[in-house]
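Asker: Residues per chain are reported as follows:
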Amino acid sequence: MTQPNPPRRFSLSEDWLATIIGLVIVAIVGLGLLGPGPQSVTLTAKPGETVEKTARPLSGWKASATIGGEKITVADAPRQLSDGQQYPFTCADGTIAAEAGDLTASFPSGAHLVLTNNCAAEATITYTTSTAVRWPLFGIFK
Amino acid sequence: MTTTTAPSSALPAAQSRLRLGLLAGLVLVAALTLLVAEIDQAIANFFRTQGVTNNPLEYPLTAVLIGLIANGLLRVTGLYNTVKPGVRTELFLKIGLVLLGAKISLGDLMKTGAGGLVQAVIMVISVFFFTWWLAGKLKLSPTLKAVMASAVSVCGVSAAIAAAGSVMAKKEEVTYITALVILTALPLMIVLPVLASAMGLPPTVAGAWFGGNIDTTAAVVGAGTIYGAEAQTVASVVKLSQNVFIGFVAFALALYFALVVEKNAGQKPSPKLIWQRFPKFVIGFVLVSLLVSIGAISAPLAKELDTLTKWAFALAFVCIGIDFAPGAVRQMGWKPVLVYLGATVFNTLLALVVASVIFGTMGLGKV
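Keeping their order, the protein sequence lines are chains D and B. So the number in the numbering used here is just where the residue sits in the first sequence, counting from 1, plus 10. So the number in the numbering used here is just where the residue sits in the second sequence, counting from 1, plus 423.
These are computed hints drawn from the structure, not numbers from a lab. No residue lacks a Cβ here, since even glycine has one placed at the ideal position from N, Cα and C. Mixed in with the good hints there might be a few duds.
Just the calculated beta-carbon pair ranges, DEER-fashion [as the list claims (entries may be wrong)]: (1) D:Gly120 - B:Leu772: 51 to 59 angstroms; (2) B:Ala652 - D:Asp86: 31 to 39 angstroms; (3) B:Tyr503 - D:Lys63: 56 to 64 angstroms; (4) B:Pro610 - D:Glu59: 34 to 42 angstroms; (5) D:Thr105 - B:Ser549: 50 to 58 angstroms; (6) B:Ala437 - D:Gln90: 51 to 59 angstroms; (7) D:Glu132 - B:Leu761: 55 to 63 angstroms.
Computed far set for chain B versus chain D, every beta-carbon distance over 10 angstroms [unchecked claim]: (8) Leu443; (9) Pro508; (10) Leu514; (11) Leu522; (12) Ala652; (13) Leu773.
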């Protein structure tokens with residue numbers, strides 16, 4: 011009587027396994043398949059100018075700003091941007107501050123950042139989200 | 424003749440032990456890598472307090488050391504064989520190499536202009552073949568020659584790992600070369616700016632010299648920083664354009680070893696045979712590099728992937744420490760050190776001449 015053959019299992023060589031795992035990681039993180047990836051929106055306004063840009067409605071945004079090339083802190087910059095909302099900022103007296111948006115008005119989809127420059131020098135605001143996948147541990151080794 | 428057969432329950436029990444060992448090993452390696460990351464951050468903080476922004480004592484040394492300590496403890500406690508299935512050095516290295524492709528953009532070659540490109544080509548080809556020749560004279564093994572020549576000529580640890588993966592080098596060879604790369608880069612980071620200053624080199628020439636010669640990115644940036652902002656920029660960009668050659672070297676070495684070194688006597692290298700022997704992860708590496716080069720992966724995302732590459736390599740180096748066989752290093756002896764130092768001296772002198780001509784006399788470098 012012959013013994014039945016043991017069931018054959020599909021076995022993947024280590025080379026291919028590593029390649030597939032690596033490419034899956036690239037697809038998830040590098041191509042942003044699991045989310046929008048890191049975002050960056052910059053508004054640059056010359057003196058007397060008002061500019062507007064649309065950002066993705068996400069949480070975890072960080073704001074940085076410059077006036078005449080010098081870095082400054084934006085007072086009360088919101089970290090969560092909601093869909094259909096306007097977020098006005100005004101540059102005046104050498105500072106940039108966030109102001110209360112018009113909650114009654116309706117805006118097209120996206121979060122609308124508006125910078126009005128009443129300063130004597132060019133003003134910029136940059137909104138960024140830091141990482142594609144927010145695992146705190148992955149901040150190490152940077 | 425008598426034969427003994429294992430009870431029918433033995434096979435599933437062995438498989439179950441294997442799975443448990445795989446899981447325990449993976450958890451242990453991950454935990455040790457976290458420890459490495461914490462220590463690495465502490466070392467980086469220490470250097471920052473000393474005014475050195477990039478940690479020149481890179482994580483592979485820490486990872487191997489932690490792995491070695493774990494190796495000793497596991498053997499003493501008798502748990503070594505239990506966790507061994509989870510110590511997957513090659514798997515982590517190859518995953519890291521696929522991700523490393525994200526760091527290599529062909530566009531980087533253009534950043535230094537024609538001068539940087541010419542310098543990178545001259546340096547990589549000359550130093551690679553000089554090291555290969557010198558290592559051959561001292562009768563180093565083909566795999567060690569490949570790892571060392573790549574490390575000295577291209578970009579240190581990353582190139583050593585890529586070459587090791589392509590030619591299936593021994594783990595101890597990778598550790599040996601990695602230690603040499605990091606320990607040699609440290610004094611060069613201090614000495615070269617002093618020498619450049621003594622010779623009165625312009626910042627662009629000095630930067631091109633540091634970038635074309637020092638093997639670790641952190642030490643290149645460190646040397647540039649000591650010499651000044653302009654030298655730092657040139658050094659970083661020249662180093663970056665040289666890094667691009669990792670892909671070419673890894674690919675060429677994989678082909679060379681498949682076609683020449685591992686060929687059996689009288690065996691014709693058929694396409695099927697080459698395919699069988701060719702390390703497949705190189706395809707993943709090249710594919711990711713192309714995605715970065717054509718802009719499908721943006722710069723911030725490529726940076727994210729670079730961090731993940733470091734994690735994969737840190738996991739691999741912890742495994743190397745756990746797997747470490749001191750006998751293999753003793754067998755290699757001091758000859759690799761002599762070859763490495765000889766190649767570094769050649770690299771230093773040639774980089775000085777090439778940088779002086781291209782970035783100085785001809786004024787071809789632009790950053």
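Asker: If a hint holds in the structure, say so; if it doesn't, say that too.
Answerer: Here's how the hints hold up against the structure:
no. : hint                                    : result
1   : D:Gly120 - B:Leu772: 51 to 59 angstroms : holds, 58 angstroms
2   : B:Ala652 - D:Asp86: 31 to 39 angstroms  : holds, 35 angstroms
3   : B:Tyr503 - D:Lys63: 56 to 64 angstroms  : holds, 58 angstroms
4   : B:Pro610 - D:Glu59: 34 to 42 angstroms  : violated, 53 angstroms
5   : D:Thr105 - B:Ser549: 50 to 58 angstroms : holds, 56 angstroms
6   : B:Ala437 - D:Gln90: 51 to 59 angstroms  : holds, 53 angstroms
7   : D:Glu132 - B:Leu761: 55 to 63 angstroms : holds, 59 angstroms
8   : Leu443                                  : holds, 19 angstroms
9   : Pro508                                  : holds, 13 angstroms
10  : Leu514                                  : violated, 5 angstroms
11  : Leu522                                  : violated, 5 angstroms
12  : Ala652                                  : holds, 16 angstroms
13  : Leu773                                  : holds, 32 angstroms
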